[in-house]
Amino acid sequence: MSSRDVILGRVRRAIADVPRDDTPYEQAVERNYLLEHGTRDVAGTVDLLAENLADYRAIVHRTDDEELPHLIMRLLAGRGTRYVLVPPGLPPEWMSAADPTRVHDRAVSTPHELDRVESVVTGCALAIAETGTLVLDGSPDQGRRRITLIPDHHICVVRVPDQVVSSVPQALERLDPRRPLTWISGPSATSDIELDRVEGVHGPRTLEVVLVSGA
Amino acid sequence: MSGTFVGMPAFPEAAREAVDNPILRGNLRHATHTIRAKRAVAVSELDDWAALREAGKQIKDHTLRHLDHYLVRLEESVTAAGGVVHWAVDADEANRIVVELVRATGESEVVKVKSMATQEIGLNEALEAAGVHAYETDLAELIVQLGKDRPSHILVPAIHRNRGEIRDIFAREMGEWGRPAPEGLTDTPAELAEAARLHLREKFLRAKVGVSGANFMVAETGTLMVVESEGNGRMCLTLPETLISVVGIEKIVPTWRDLEVFLQTLPRSSTAERMNPYTSMWTGTTDEDGPRTFHLVLIDNGRTDTLADEVGRQALRCIRCSACLNVCPVYERAGGHAYGSVYPGPIGAILSPQLRGTAGAVDASLPYASSLCGACYEVCPVAIDIPEVLVHLRERVVEGGPTTREGNRVVLKPAKGHAAERAAMRAARWVFSRPGALGAGQRLASRTRRFHPRSMPGPGRAWSASRDLPRLPAEPFRDWWRRTDGGKETEAK
Numbered sequence: 001m002s003s004r005d006v007i008l009g010r011v012r013r014a015i016a017d018v019p020r021d022d023t024p025y026e027q028a029v030e031r032n033y034l035l036e037h038g039t040r041d042v043a044g045t046v047d048l049l050a051e052n053l054a055d056y057r058a059i060v061h062r063t064d065d066e067e068l069p070h071l072i073m074r075l076l077a078g079r080g081t082r083y084v085l086v087p088p089g090l091p092p093e094w095m096s097a098a099d100p101t102r103v104h105d106r107a108v109s110t111p112h113e114l115d116r117v118e119s120v121v122t123g124c125a126l127a128i129a130e131t132g133t134l135v136l137d138g139s140p141d142q143g144r145r146r147i148t149l150i151p152d153h154h155i156c157v158v159r160v161p162d163q164v165v166s167s168v169p170q171a172l173e174r175l176d177p178r179r180p181l182t183w184i185s186g187p188s189a190t191s192d193i194e195l196d197r198v199e200g201v202h203g204p205r206t207l208e209v210v211l212v213s214g215a
Numbered sequence: 001m002s003g004t005f006v007g008m009p010a011f012p013e014a015a016r017e018a019v020d021n022p023i024l025r026g027n028l029r030h031a032t033h034t035i036r037a038k039r040a041v042a043v044s045e046l047d048d049w050a051a052l053r054e055a056g057k058q059i060k061d062h063t064l065r066h067l068d069h070y071l072v073r074l075e076e077s078v079t080a081a082g083g084v085v086h087w088a089v090d091a092d093e094a095n096r097i098v099v100e101l102v103r104a105t106g107e108s109e110v111v112k113v114k115s116m117a118t119q120e121i122g123l124n125e126a127l128e129a130a131g132v133h134a135y136e137t138d139l140a141e142l143i144v145q146l147g148k149d150r151p152s153h154i155l156v157p158a159i160h161r162n163r164g165e166i167r168d169i170f171a172r173e174m175g176e177w178g179r180p181a182p183e184g185l186t187d188t189p190a191e192l193a194e195a196a197r198l199h200l201r202e203k204f205l206r207a208k209v210g211v212s213g214a215n216f217m218v219a220e221t222g223t224l225m226v227v228e229s230e231g232n233g234r235m236c237l238t239l240p241e242t243l244i245s246v247v248g249i250e251k252i253v254p255t256w257r258d259l260e261v262f263l264q265t266l267p268r269s270s271t272a273e274r275m276n277p278y279t280s281m282w283t284g285t286t287d288e289d290g291p292r293t294f295h296l297v298l299i300d301n302g303r304t305d306t307l308a309d310e311v312g313r314q315a316l317r318c319i320r321c322s323a324c325l326n327v328c329p330v331y332e333r334a335g336g337h338a339y340g341s342v343y344p345g346p347i348g349a350i351l352s353p354q355l356r357g358t359a360g361a362v363d364a365s366l367p368y369a370s371s372l373c374g375a376c377y378e379v380c381p382v383a384i385d386i387p388e389v390l391v392h393l394r395e396r397v398v399e400g401g402p403t404t405r406e407g408n409r410v411v412l413k414p415a416k417g418h419a420a421e422r423a424a425m426r427a428a429r430w431v432f433s434r435p436g437a438l439g440a441g442q443r444l445a446s447r448t449r450r451f452h453p454r455s456m457p458g459p460g461r462a463w464s465a466s467r468d469l470p471r472l473p474a475e476p477f478r479d480w481w482r483r484t485d486g487g488k489e490t491e492a493k
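Residue numbers (the UniProt record's numbering), protein chains in the order written: chain A, 1 to 215; chain B, 1 to 493.
For the record, the hints were derived by calculation from the structure and aren't laboratory data. Hints may be right or wrong, so weigh each one.
To be verified - Pairwise CB distance ranges, derived in the manner of DEER restraints:
hint, chain 1, residue 1, chain 2, residue 2, range
1, B, Glu-128, A, Arg-174, 39 to 49 Å
2, A, Pro-88, B, Thr-186, 36 to 46 Å
3, B, Trp-177, A, Pro-88, 31 to 41 Å
4, B, Asp-287, A, Arg-174, 14 to 24 Å
Source: prediction; values computed, not measured. Don't be surprised by glycine CBs; every beta carbon is placed ideally from N, CA and C.
Could you put the whole structure together from the sequences, leaning on the hints where they help?
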């Protein structure tokens with residue numbers, strides 16, 4: 001007998017005392033919880049996102065479509081970035097004013113090559129206001145998971161209000177589980193030493209979020 | 001479970017040593033009180049906490065009641081998404097599977113993201129025996145590994161170490177494993193974290209095999225999820241070519257939507273944050289993003305035996321948040337090592353004896369490692385009634401009775417060490433049913449009270465070693481009542 005059969009057999013014997021219950025799963029669990037917390041208008045939701053991002057020590061900027069390239073240029077210059085990673089589908093106009101050399105993530109690039117790049121600029125799939133979370137799903141404007149992980153500085157552009165949801169339940173509803181998903185709430189952090197929070201262990205130590213509204 | 005803790009003394013002895021260590025108690029008190037206060041704030045932000053807790057409980061209970069169905073469903077979804085599913089009855093089999101998978105890659109190093117399941121089965125030791133170095137990459141796990149130590153907390157495994165101790169471990173040990181600690185390393189947390197970053201980065205960037213656990217597996221979609229803070233998880237899950245995830249069979253949720261409950265309750269219960277910094281979710285393999293080969297090893301290792309226990313099975317709802325540790329007065333003083341298992345604290349006191357059976361001295365003592373105050377039940381985000389299971393397990397230890405081991409029904413004999421307790425209970429039954437004897441005994445006890453020892457002799461010593469014997473009154477209550485008519489007469493003697 002295979003281990004699979006052994007385990008499934010043991011499970012069936014273990015739950016033999018449980019009365020059969022054919023209630024469809026949708027009705028089996030009471031979901032009396034809220035689908036979002038508090039009531040806000042659209043602007044209020046964006047404000048809450050900004051507040052919670054900042055509370056988790058992300059640096060938040062607000063701008064519009066027209067100013068975005070200049071802001072990105074200034075943010076990269078401010079860090080002294082020489083090389084910047086860009087995913088294949090990043091809108092080219094976002095980088096139109098930036099000086100650093102653009103590096104494209106290719107299948108053959110080794111993690112060591114990516115480690116020489118100082119900054120990365122991406123879009124996102126959506127952002128969650130209540131928790132201050134950015135979600136990346138590997139779409140062309142976000143690229144592979146590793147590019148937002150290895151460089152020490154991540155600039156993430158969020159289109160407001162289109163890409164902002166209030167809550168975790170609203171986020172899951174909009175996401176596709178077949179894509180690899182990365183949820184980011186603030187920069188990399190640890191509290192493993194006497195519970196003192198320290199930013200940046202392995203992921204980017206600086207997270208800058210640009211909330212961009214249509215002009 | 002593995003033999004990692006073979007030779008551990010039973011809880012009372014281990015706890016006595018820990019309680020005598022003032023540094024350990026200081027470290028623990030600071031940590032548990034800090035995180036406890038933060039958690040209360042994070043939870044109070046959600047006014048539907050009780051409803052989320054109830055939903056989490058119901059989701060997990062439903063899953064356990066139909067576990068065979070959801071395991072098969074998960075296997076189908078993971079396979080359809082490009083993963084390979086393996087089944088392991090026990091720790092040995094799980095280790096054998098992982099060692100073979102690593103050998104097949106030709107690699108002799110793996111990077112690991114912290115995982116309770118792989119600690120439970122002793123995977124690192126098994127890999128080491130097969131000539132494979134396993135590097136723990138979570139900062140606290142690194143501290144534990146470099147310090148040749150054992151984890152003492154589910155969430156912050158190095159909670160028992162202060163910054164000075166950590167500095168010494170890094171300065172002494174890092175060079176043995178790879179990049180040494182920088183010269184003149186101080187004990188500031190920022191510098192220590194930086195030293196860990198540099199030390200581990202060279203390992204991440206060349207790693208070909210990653211090993212992980214998972215916080216949740218979604219049966220409907222085949223998605224696995226890991227929550228973490230540092231980014232070491234993301235490194236291990238995305239940079240290697242091969243990813244091997246070792247996960248207990250109880251970690252399933254039926255649907256994608258179910259994550260909305262646990263992504264709200266887990267971070268708040270665990271690190272007391274609205275959301276942990278990084279959450280990774282992957283479904284099988286994705287072209288050119290992340291590992292090209294994905295193996296999922298599903299482990300039983302005592303879980304089906306736990307499932308067979310009608311009272312104890314609720315322990316399988318556990319989502320490993322560690323909130324129960326931080327509120328437990330016993331854990332706060334005794335520390336995690338005293339529990340003799342990778343699962344310390346209140347949840348460990350009910351999980352370990354169920355996963356491993358109550359035959360060993362440590363496991364037979366664990367149901368007693370509690371004051372039954374109930375704080376653990378109050379904070380549990382999936383409402384596990386830990387006190388109820390503790391009492392149930394105490395009964396099993398003392399009385400014996402039917403239980404399930406390795407899938408077979410067995411009848412346990414009463415535990416040996418409890419003969420005195422049973423004799424005392426029988427004596428009590430005799431005395432309490434004979435009022436005359438009770439009254440005489442009480443009177444005799446009161447009159448001889450000057451001669452009572454501070455601890456009990458003979459087999460009673462085990463009981464009084466950790467308790468103060470109550471001082472007896474000068475006069476039994478019932479005599480006093482009769483003499484004064486319930487206090488109506490004068491008190492004068």
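Distance restraint evaluation - Asp-287(B), Arg-174(A), Cβ atoms, bounds 14 to 24 Å: holds, 23 Å
Range hint 39 to 49 Å: satisfied by the CB atoms of Glu-128(B) and Arg-174(A)? About 44 Å separates the Cβ atoms of Glu-128(B) and Arg-174(A), which means 39 to 49 Å holds.
Indicate whether the distance between the beta carbons of Pro-88(A) and Thr-186(B) respects the range 36 to 46 Å. holds, 43 Å
Verdict for Trp-177(B), Pro-88(A) (Cβ pair) under range 31 to 41 Å: Given a distance of about 37 Å, which is inside 31 to 41 Å, the answer is holds.
The structure fails none of the hints (numbered hints given earlier).
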